[in-house]
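Trainee: So you can see what is in the structure, the chains are spelled out below.
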Amino acid sequence: MTTTIRERERRTGWMLIIPAMLVLAFVYAYPIARSFWLSLFTENLGTQLQPVFSGLNNYGRMIQDGRFWQTIANTMVFTISTLVLELILGMGIALVLNQAFKGRGAVRTIAIIPWALPTALIATTWAWIFNDQFGVVNDILLRLGIIDTGINWLGNPAPAMLSVIIADVWKTTSFVAILLLAGLQSISNDLYEAHSIDGASPWQSFRQITLPLLMPQILIASLFRFAQAFGIFDLIQVMTGGGPGGATETVSIYIYATVMRYLDFGYGAALVVVTFVLLVAVVALAAFFLSKLRTATTGDA
Amino acid sequence: MAKLELSHLNKTYSPKIIPVKDVSLDVDDGEFLTLLGPSGCGKSTILRLIAGLEQPTRGEIRIDGKNVTQHSPGDRNIAMVFQSYALYPHMTVYDNMASGLKLKRVSSEEIRRRIEQVSLFLGLGNLMQRKPGQLSGGQRQRVALGRALVRQPDVFLLDEPLSNLDALLREQVRAELKQIFESQNTPVVYVTHDQTEAMTLSTKVAVLSNGDLQQLDPPRRIYTHPANRFVAGFVGSPQMNLLDLKCEGKFAILGNYKIPLPGRMTPPPEITLGVRPEHVRLAEPSDTHTLQGKVILKENLGMSDLLSVKVKGAENQTLRALLPSDRPWSAEEVTLALPPDLIHWFDVETGDRLTSENLQPVY
Ligand SMILES: Nc1ncnc2c1ncn2[C@@H]1O[C@H](COP(=O)(O)OP(=O)(O)O)[C@@H](O)[C@H]1O
Ligand SMILES: [Mg+2]
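Which chain is which? The protein sequence lines are A and B, in order.
Everything in the first sequence is counted per this note's numbering, starting at 2 for the first residue and increasing by one.
Everything in the second sequence is counted per this note's numbering, starting at 0 for the first residue and increasing by one.
Read the hints as simulated data drawn from the structure, not as lab findings.
The model shown is predicted, which means the values in this text are computed figures rather than measured ones.
Glycine residues also receive a C-beta, built at the ideal position from the N, C-alpha and C atoms.
One or more of the hints may lead you astray.
Claimed, not checked - What follows is a set of in silico ranges between Cβ atoms, one per label pair, in the way DEER data are often shown:
#1 B:S107 / A:A288: 29 to 37 angstroms
#2 B:G301 / A:A288: 55 to 63 angstroms
#3 A:N190 / B:T354: 24 to 32 angstroms
#4 B:K65 / A:Q100: 28 to 36 angstroms
#5 A:R12 / B:G301: 51 to 59 angstroms
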C-alpha cells in the first residue's frame, strides 16, 4: 500500500503529539473532570463524609455565599494591583538593564534572585518586616517621624492587603523585568536611531516604538502573572493566613479552608470548578489578543 | 539649498580605536559624495557623526553655514537610509513614510500629498497598507528610500543601501538611485565599499583608509590618478599591478626590461610601479620596449582573459594582464608592452604618488 507524503506526515505528527496529550489528560483533564463530578455531590460532616448526590445545589449555595464573593473581590484586588505595579516597575527595571553600563551582567543576575528564593521564606521575612512591634517598616517610619505609634500592618484589613501586595511585587517584579528585557533586546537599535533622526524625543520613541513592539512580551507577562496571582496561596497563607477577618483571604485560601478545615469536599470541588472556568476564560481572551497582536506587528496571518 | 561642511572631524572611542582621525570635506547642493573604503575604515562612523547619532571628539559639522555639531539628530533636518532599512515593523508602509512628517507636525493634507508623489515616483502605490514583513527586500529598500525622500531634508545620508540586494536587483536600483538623486538638488553622502557603486553614482569620491582621507576627487580621476598606493590598489578591478622595483640611473628594472622614470625625478634606490591589468597589452612589432614572461594562470572573464605572467629575469615578480579573448598568445612565452603614459609611480616608503601631476589636484 502506498501512502502520500502528507498522510505519512500526519501520522508521524499524531505519534509525536500523543505522549504529551496523555500527560495533559492525566495531569489536568482528569482532576478537573473529577472535581466537576465531585461538585455534584454533597459530601461533608453533615453527610458523615458520604457522597450524596445533590445536583447543582453546591453552585446555588455559592451564589448565596458572601464569603466566596469577598474572596473573589480580594483576589481581584490583589491580582490587579500586583499586575499593574509589577508591569510598571518591571518595565522601568528592564529599560535600565537594557542600557550598557559597567557590571550589567552582575546586576541582571542579582535582579532575578528574589524570584528564585522560596516563597515561604520570603513570606516569613516580609511578615517580620511588617511586624507591628519589631518590624523594620515601623521602625523606619517612627524614626522619620512620619507616624507616632507603630502601625499594626498585618492586623488591620487595608494595611494587611497592602503588605502582601508589596511582598509579592518585591518577589515577582524581577521576573517581569527579565521577560520584558528579552523583548527589549530583540528591538533593533537602528529603529531608535531612525526615529531620532526623524525628530522623535525619547518619550515619543518609547510610545511609538518600544511599547507597540513590546506588546507581545507585555501580554505574555500579564498572562503569566494573572494566572499566578489569581491562584496565590503560599505567600498570603504564611504572612496573614487570609486574615485579619478574611481581609486577605483569596479564592485559593478559601478553597483550602473549605476542603481541609471544614472537610466540605463537594462544595470545595464546586469552588475549584468555578475558579478554573474563570481562569480559562481570561487565558483564552489573552491568547486571542496575543495572536491578533502578532498579526499586527509582523503582518503575517 | 544647503551645503554640508565637515572640518577636522575626529572620533576617538579609546586610544586604540580611532575610526575617524581628521576628516575635512564639503558637499554642495546637488553633489553626490561617496565615502569609499574597505570594511572598518570609518565610513559609517562619519555618516553617524553627520547624522548626530555620535558626537565627534573634535571638529565641526556645518549645514548651510550653521554649526550643527551640538544639535540633536532630529534638529538637523537630515534623512538617513540605513543598511538594515530600519523600517518600523509594526507600521504600514504609509505610516512608515508619514512618521517623520507627523513628528514634525506637518499637516496630514501635506503628508498625503508628499507620500502620494513619492510613492508614485518609486512605484510603491499598491503597497501602502502593507507591513514591512510582507515586502520583498527590494520593496523594503524602496520604502526606506521613500521615507527619506518625503522628508525633503537638507542632506541625504545613505549607508550601504544596496548591500542587502541580490546582484541583479542591485544593478537596477543603482541606476534608479542615480536618477532619483540627480533630480534632488541636495547634498548626498553615500557610504559603500563597492567601487562600482562609487564610480557610477558619485560626482565626488572620498577614499578612506583607517580613518584617514586618502583622496577626494571625481570618480574618473580616482581611477586615472590614484593619489597613493592604497587608492591605486583599492580602486579598479582587477586590481592594479603594484611592483616594487630597483632603480638604476634613470630607469626602473623589471627583469631585463628597463623602464624610464618620469622626467624631473631624482631617481630613488627603489620605486613602486603601478599599471592596471587592462593597460598591459600584447607587444606589437613596432614596440621598442617589451618584456617576456611565462603564463602561470589564466582566468576567463568572458569578454577577456586575465593572465598572471611570471616576468622573465625577475622570477619573483608577477604581472597581471587583461587581454581580449580573441587575440592568440603562447602560454610559454608572451611578449607584453606597458604604455608609458599609463604607468603610475609611487614612493616605496610612503606610498605617495610620485608623478608631478599629483601635486596640483584638479577637481
Ligand atoms: N561604538 C563603538 N565603540 C567602539 N568602536 C567602534 C564603535 N563603533 C564603531 N567602532 C569601530 O570603529 C571602526 C570603524 O567602524 P565603521 O565606521 O562602522 O566602519 P565601516 O562602516 O567603514 O565598515 C571599526 O573598527 C569599529 O569596530
Ligand atoms: Mg559600515
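Trainee: All hints are to be evaluated individually against the structure, with a verdict given for each.
Mentor: Checked hints:
no.: 1; hint: B:S107 / A:A288: 29 to 37 angstroms; in the structure: holds, 36 angstroms
no.: 2; hint: B:G301 / A:A288: 55 to 63 angstroms; in the structure: holds, 58 angstroms
no.: 3; hint: A:N190 / B:T354: 24 to 32 angstroms; in the structure: violated, 46 angstroms
no.: 4; hint: B:K65 / A:Q100: 28 to 36 angstroms; in the structure: holds, 32 angstroms
no.: 5; hint: A:R12 / B:G301: 51 to 59 angstroms; in the structure: holds, 52 angstroms
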